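My request is simple: use the sequences and hints to build the entire structure.
There are 2 protein chains.
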Amino acid sequence: MASGAGDHSQAAMNVLREKVLTLDTVNPCVRRVEYAVRGPIVLRALELEAELRQGVKKPFTEVIRANVGDAQAMGQKPITFLRQVLALCIHPDLLNSPDFPEDAKRRAERILQACGGHSLGAYSISSGIQLIREDVAQYIERRDGGIPADPNNIFLSTGATDAIMTVLELLVTGEGRTRTGVLIPIPQYPLYSAALAELNAVQVDYYLDEERAWAVDVAELRRALRQARDHCRPRALCVINPGNPTGHVQTRECIEDMIRFAFEERLFLLADEVYQDNVYAEGSQFHSFKKVLMEMGPPYAAQQELASFHSISKGYMGECGFRGGYVEVVNMDAMVKQQLLKLRSVRLCPTMPGQVLLDMVVSPPAPSDPSFTQFQAERRAVLAELAAKAKLTEQVFNQAPGIRCNPVQGAMYSFPRVQLPPRAVRRAQELGLAPDMFFCQRLLEETGICVVPGSGFGQREGTYHFRMTILPPMEKLRPLLEKLKQFHARFTHEFS
Amino acid sequence: MASGAGDHSQAAMNVLREKVLTLDTVNPCVRRVEYAVRGPIVLRALELEAELRQGVKKPFTEVIRANVGDAQAMGQKPITFLRQVLALCIHPDLLNSPDFPEDAKRRAERILQACGGHSLGAYSISSGIQLIREDVAQYIERRDGGIPADPNNIFLSTGATDAIMTVLELLVTGEGRTRTGVLIPIPQYPLYSAALAELNAVQVDYYLDEERAWAVDVAELRRALRQARDHCRPRALCVINPGNPTGHVQTRECIEDMIRFAFEERLFLLADEVYQDNVYAEGSQFHSFKKVLMEMGPPYAAQQELASFHSISKGYMGECGFRGGYVEVVNMDAMVKQQLLKLRSVRLCPTMPGQVLLDMVVSPPAPSDPSFTQFQAERRAVLAELAAKAKLTEQVFNQAPGIRCNPVQGAMYSFPRVQLPPRAVRRAQELGLAPDMFFCQRLLEETGICVVPGSGFGQREGTYHFRMTILPPMEKLRPLLEKLKQFHARFTHEFS
Ligand SMILES: Cc1ncc(COP(=O)(O)O)c(C=O)c1O
Ligand SMILES: Cc1ncc(COP(=O)(O)O)c(C=O)c1O
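Line by line, the protein sequences give chains A and B. Residue numbering for the first sequence is 1 to 496, as defined by the UniProt record's numbering. Residue numbering for the second sequence is 1 to 496, as defined by the UniProt record's numbering.
Rather than coming from a laboratory, the hints here were simulated on the basis of the structure. This one's a predicted model, so the numbers in the text were calculated from it and none came from an experiment. Among the hints, erroneous ones may be present.
[As the list claims (entries may be wrong)] Ranges of calculated distance between the beta carbons of each label pair, as one might list FRET restraints:
(1) R233/A / Q138/B: 27 to 37 Å
(2) E482/B / R233/A: 30 to 40 Å
(3) Q138/B / P473/A: 30 to 40 Å
(4) P298/B / R233/A: 50 to 60 Å
(5) L52/B / D99/A: 35 to 45 Å
(6) P28/B / E494/A: 47 to 57 Å
(7) Q113/B / R32/A: 29 to 39 Å
(8) P28/B / E482/A: 53 to 63 Å
(9) R229/A / T463/B: 47 to 57 Å
(10) R229/A / P28/B: 19 to 29 Å
(11) E175/A / G432/B: 29 to 39 Å
(12) R32/A / E445/B: 43 to 53 Å
(13) Q429/B / R252/A: 56 to 66 Å
[As the list claims (entries may be wrong)] Facing chain A, from chain B, some residues (calculated, C-beta under 8 Å):
(14) P28
(15) V172
(16) K342
The beta-carbon is built from N, C-alpha and C at its ideal position, and this holds for glycine as well.
Pasting the structure below:
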């Protein structure tokens, strides 16, 4: 090989040059990304845990991570049937074991038949195993009272995150004042702001109405859209229902209004429905955007473009680590669907264990199956406990002066508003911190409770919140809520 | 909710408007993406399989997919130990089963201890489980003869694809003539061209030297770089070693030359080393870029930026469907590493089963472990068969007039050059097809053999190739090679 290195050996010896990749030369879109859920508070929580392990004395004995919607990390047990089927698929020798129920074995065999080489070790086609997409379509049809779903409109994904980013990526185009704008709720799940920054799209905020349990207000949507049109091309509207971090569950009327709005304003709808199984409040019910859209009839049903996302990370199963999910696209242009498929192909395929678990979630044991009783009992127990914790959270917070918490109608979070004394706000500003970040840092240092400041999700100027999951087990949640209440009182006293 | 829909009901009733998202309005970067490995040939192969199942008569009874590096899809059996440990992690009840070896149980328990809630159902930290990153670091140290590796420089990923795209994304910046250019080998694995199109970076081709078994030629690197500097800012150099689709294994001297070149020209190095366990040819040996870099000493060792990728999809395990992998970054700026971690955080975490399998790959059973003998036997059998198939492929192809095949020194592919008669080339042009696409389509229709045309990977103007995996089982590979040879002779005869 003719290296020619000799000519350059002088240059090569110049020591300690600047690196190729520095904070100044890194992709500026990446640099603009913010991601609060795994931000500084969480890093500090990890440090505190390490200190506790080393025996450092703290005013608490345990860090309680109420910052992330990760049920099993908080002690929730996996659903037996799901794990049985997956274990059988992974190690098919177990198909001969007497310790597994017949229906689990049948389900595993059915999936393996559909895999390349009858193994989870083969890549699937990029949209996910055909059989599983058919099962997903049937699930959607049942869920939506018989409205048809087409497996060819369903793309399996590596968690909902993956699918959401892919659909957003399709939508992004233009420069300067023609850049794609995407409307997102405030407060939001910060994947949306992060993805839009990464993709160099314009984030267009619409504020949810805290006075009406964080409902969407179409007048506010109009305001946001009108202002956005001055500086970008709004092309999509995101909604999270049930809401993260708000815990709000949308009414059917509100969904109809949003669909009408999206149609009139020519906006592609993205419905993040990963919490569709997490509805607790009496009178609240999950309505899928797809179902409402179809029932609205013409001109909406046949024209309004919609992408709906689901995940195995939430619901009653909480299988976050496996990263399974799907998107159903509705009224998407056929050529665009091809582009979507191509984009998925570059990533080869969604993870197979995630696909398998998704299949169990969309087609759980039927009443005649041997696993039915246990499955139902486990599922109900998880959902009943979540409902009780949602209620308790709201109650305890609303007993505290200076804390106001909307009902946790669904999802896995409360997003209470906290009054912070003006002196605390000034102190935070001196420290260069958002006031609710200051509050949450102090909370963590003094009580070991890890929650995420509202500023990481967005909130109206001058209001302060934090997001806390309802996931800690009941015996920990109760004292945790009490501690938090007391801390807020102490904090308020200290700064008044 | 104040919907205001009344004002707009007229507009709403206008039927069949254009969609928001069409081929004209979709992200133009996405539109430019091409991805041959799962392109039209593969779709046609799927159709043919369906036709065969429906009883349609064809000149063949089976479609043989030699198009994608998916060992288990071609019948390779998973390594028992890997699947045992993963099954135990997924369904810990099995820890009480007498059917699993003690070391598999110990390994599963060790991993579960490191998981949130002791369950694979929890998200891990975004860079991957600390314990597993430590095991990866130790693997790298052993592989590289003791050169240290830092777990904090290792980021686990959902397949190597995921890690490669993330590192490329960090590098992309600029507009017009300041856009980031990335040098990639031609022929290349088309993930690279696809990712660069998607990220709106400039693809800078450097041609591999077919006359020297597809080695890299630094003079050609210089040529490519010089020309690229006229229209973009080249910032990175990608290399695939062992090579896909070329089967080439780089010599140590060549790697040194590339490192010197990258250093002198201020290029970030991306070393795709997913085939590091797949080296077959006598005299060939895998040298990691990291090891060579470190052994070159100053100024390279402490300064040249490098990212090295590995995967569980290849090697002897072929666990493609689980999507596990990692990137090790070397000499990366600390602030940039923070950006990388942030980008990973947005995606929450790599899939847990992929992390578990990766852990087994980087720390397989030791000689004193009960599973050692079986593990070694299985591993050796796979690699020995791959070596025999690599040899056979080269031999049979080189007996055919008009086909010339470089030795398959490593990886899983042959990339033979085929002579196509001028009349066939003209015929293809009339059909609007690349000549080797025409050849591969005819091959598929007449023999059921599915391979990918060289045009999907890139090749020198006027040369024609196809890529075929060496993965079909020996008893199928032999007749397949013969059929291919005969088809080429027929095809040549038909068009001469
Ligand atoms: C609203 C919402 N969407 C999407 C996701 C991503 O979930 P997944 O684990 O499926 O990527 C989450 C996770 O917390 C979420 O809360
Ligand atoms: C050179 C090369 N790099 C990366 C990959 C991606 O592998 P993974 O399955 O780990 O995403 C492949 C897969 O074929 C490959 O050939």
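Against the structure, the hints:
1. The hinted window of 27 to 37 Å between R233/A and Q138/B is violated, with their beta carbons roughly 51 Å apart.
2. The hint said 30 to 40 Å for the Cβ distance between E482/B and R233/A, and at roughly 58 Å that hint is violated.
3. Checked against the hint of 30 to 40 Å, the C-beta distance between Q138/B and P473/A comes to roughly 36 Å, which is consistent with it.
4. Between P298/B and R233/A, the C-beta spacing of about 52 Å keeps the proposed range 50 to 60 Å intact.
5. Separated by about 39 Å at the C-beta atoms, L52/B and D99/A satisfy the suggested range of 35 to 45 Å.
6. The beta-carbon spacing between P28/B and E494/A, approximately 55 Å, falls within the hinted interval of 47 to 57 Å.
7. At roughly 38 Å, the beta-carbon separation of Q113/B and R32/A lies within the given 29 to 39 Å, and the hint holds.
8. Range check, P28/B to E482/A: about 56 Å between beta-carbon atoms, so the 53 to 63 Å window is met.
9. For the pair R229/A and T463/B, the beta carbons lie near 52 Å from each other, so the given range of 47 to 57 Å is met.
10. Judged by the Cβ atoms, the range 19 to 29 Å given for R229/A and P28/B holds: they are separated by roughly 22 Å.
11. Checking the proposed 29 to 39 Å range against E175/A and G432/B shows it holds: the Cβ atoms sit about 33 Å from each other.
12. Between R32/A and E445/B the C-beta distance comes to about 50 Å, which sits within the given range of 43 to 53 Å.
13. Separated by about 58 Å at the C-beta atoms, Q429/B and R252/A satisfy the suggested range of 56 to 66 Å.
14. Look at P28/B: its Cβ gets to within about 6 Å of chain A, closer than 8 Å, so that hint holds up.
15. Interface hint at V172/B: satisfied, since its Cβ lies 5 Å from the closest Cβ of chain A, which is below the 8 Å cut-off.
16. Restraint check, K342/B versus chain A: the minimum CB separation of about 6 Å is within 8 Å; hint holds.
Hints 1 and 2 from the list above are not met by this structure, while the remaining hints are.
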